[in-house]
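Using the sequences and the accompanying hints, generate a full structural model.
Same order as they appear, the protein sequences are chains A and B.
Just so you know, our numbering puts 105 at position 108 of the first sequence, and the rest follows in order with no gaps.
Just so you know, our numbering puts 162 at position 152 of the second sequence, and the rest follows in order with no gaps.
Any given hint could be a false lead.
Stated by the list, open to error - If the Cβ cut is set under 10 Å, some of the chain A residues that face chain B in the computed set are:
#1 R2
#2 P20
#3 P107
#4 T152
#5 A199
#6 G211
Keep in mind that the hints were calculated from the coordinates and are not lab data.
These numbers were taken from a predicted model, which means no experiment stands behind them.
Idealized CB from N, CA, C, for every residue including glycine.
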Amino acid sequence: MSDSRAAILSRIRSGRAGQPESPAAPPVAPVPAGVPKTTALVDRFVQEAECVGAVVHRATRDGAIDLVGRLLVDAGVRRLVSWEPDDLPIPEALDAAVDRGIQLVEPSLPDGVEPLDRDWTTMAAADAGLTGAAGGLADTGTVILRSGLGRARLTWLLPPLHLVLLHAPFIYPTLPAFISARGELVGRSSHVAFVTGPSRTADIEQTLTIGVHGPKVVQIVLVERDREPAPESVAGDRIDG
Amino acid sequence: MNSQPVSFHRRISKALADSQLRLALGRTTERFTAKRAAGLASLPDVDAVRDRARAIRLHTLSRLDTYLEQFEAAVTAAGGQVHWAADAKEASAIVLDLARAQSVERVVKSKSMVSEEVALNETLIGAGLDVVESDLGEYIIQLAGETPSHIIAPAVHKTREQVGQLLAEKLGVPVTDDVGEMTATARSVLRDVFLRADMGVSGVNFGVAATGSLAIVTNEGNASLAVTAPRIHVAMMGIERLVPNLDDLAVMLQILARSATGQKLTVYTDLLTGPRRGDPDGPEELHVVLVDNGRSRLVGTEVGEILACIRCGACLNACPVYQQIGGHAYGSVYSGPVGAVLTPSLDTEGPWGTLPDASSLCGACREACPVRIDIPRMLLALRARSVRAGTADRAVRVGFRLYRWAATRPWLFRRAVAAARWLTELLSADGWLHRLPPPLSGWTRSRDFPVIASRTFSERMRDRAEGAK
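Rendered as structure tokens:
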């Protein structure tokens, strides 16, 4: 195997010999000074997210606590799998949902370095998954999710409904803008997902079909700054950061 | 690469005679092309982004060795393991060895062109492993025992009725022509596959040298599940698939989905850095298999630029030849304009000498390519190479030698043209010859030949010169 490594690298080097090095791409331009005002950014996010088939609910912080449970009940959810409350932008939302009679399955998934038992059947039987976004992208309607302690990835992948909480001030104009501002988050989690609408396929006759492997429904509860000060840190930063 | 014994011309004739195929292709490529145009138009200053993307790819390739070493170090630092495979055989052997060492029985795969290239499934299934493709299109063609016919839409050649029939036959479900129902069937069958698999095998869209991150995109979410539920993740990537850093990655991701399907971003764009770190799910182990299989030999050559390709499939949809014959006629894993360059370049021993001929050099592929790869230039270079190597068709070689002989002797050329004009006028009723006799029949097999003009260019020039006196 190491023989192949040496052989591959040496073939590349002899091919490169005598060739000029192509200049590095210029660094990505910083976000221009005329960044849209937050309200414009939020409006754009809502428009783009709806365009890709996500459902967006705008709420104040207090409104969102109650809204989460109500949305789950309205969707007929009985079993819920959720991130740990502290990893949700509004920790109280989970208790409020449980108070409405929603059953929390896999209440605490085993964190730790011991190998997992990998029995995902309980999780796969959940009706909905509840997560919190580390950010949003306005020009694509994307929510950004980070794995970590208390933040199982299957939460946003397995159940037919994914409900995600997003703080409006975490919305960035574009993917390059997010990476240039918060790129260090990528190295800190083993899985960072940019999720843009519900799972879809067009593999049969290019006919758009929603919900092939991932959730059929993505609901975003967008928490807009009302009476509280802007959050200081990104959701989930308490972990491994 | 899987070679097919039938000649390229035979496969083309077969494809052209298949009216279902041409209907499916016509609809799909047209839809893709329209969506791509709209997708790119949604990007402010798209030309600048494409220029930047091209610069990123060419820069990476120009110091690929350094970036590979940097990437290897970063993957290792994040807790992953890097394996180097010189060829297809070694790449498959690495994955099989890993599977055996870990007592893997069930493998779930997400779509990966490089795994098709090295025929990974054959090796794993041959060794008794249970291997299931999870991309809906790949799953369909796996059930049918076929190969992909498009880089991003592998089952593009099948109609919905054919798929409904296939699912009924293989899975025992009722026949349907409802795409939603078929999708639901596949979802429920594959759900079990994800949850029970011991190993997930994925491709890689981009590897980030600075962080060791892997970017993997799917609309279905199948890659996300395949790299999360099983305890081992094996990511297979061509050695050229790197970008230097995350800023560069963001630029590439801005154009990848737009060029492929016209979406602004693929539904699931996953950045994976190492195995799980105490989180409640995700793989215990991450293995990255770097596959060379002929790539390193191309660095610095006249076809080296093809390594900048990001596998979006835009050149396939844009190509008037692909639109008519589809992917299977090429007979190789990579089809369309990119395949016509990549296949004979990677597999120099294979029967691919005629693939670069399947182009009118119209330049639509270069136009469509998000990183502006000059495919027509490389097609010409490969044609010239096969002439030099003496592997070009005999009629072509002899024909061009005769032409050169005549064209360098003006008196002979004038007489030959006069004779050809007389003959072509005699044979044609409408100004075109639709069928020439052997040995020229090869020319008219797929195109018409014009009748020689009544006044040739040089005759007209001479007339003008004389008139001016």
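- Which hints from the list above does the structure break, by number from lowest to highest? none
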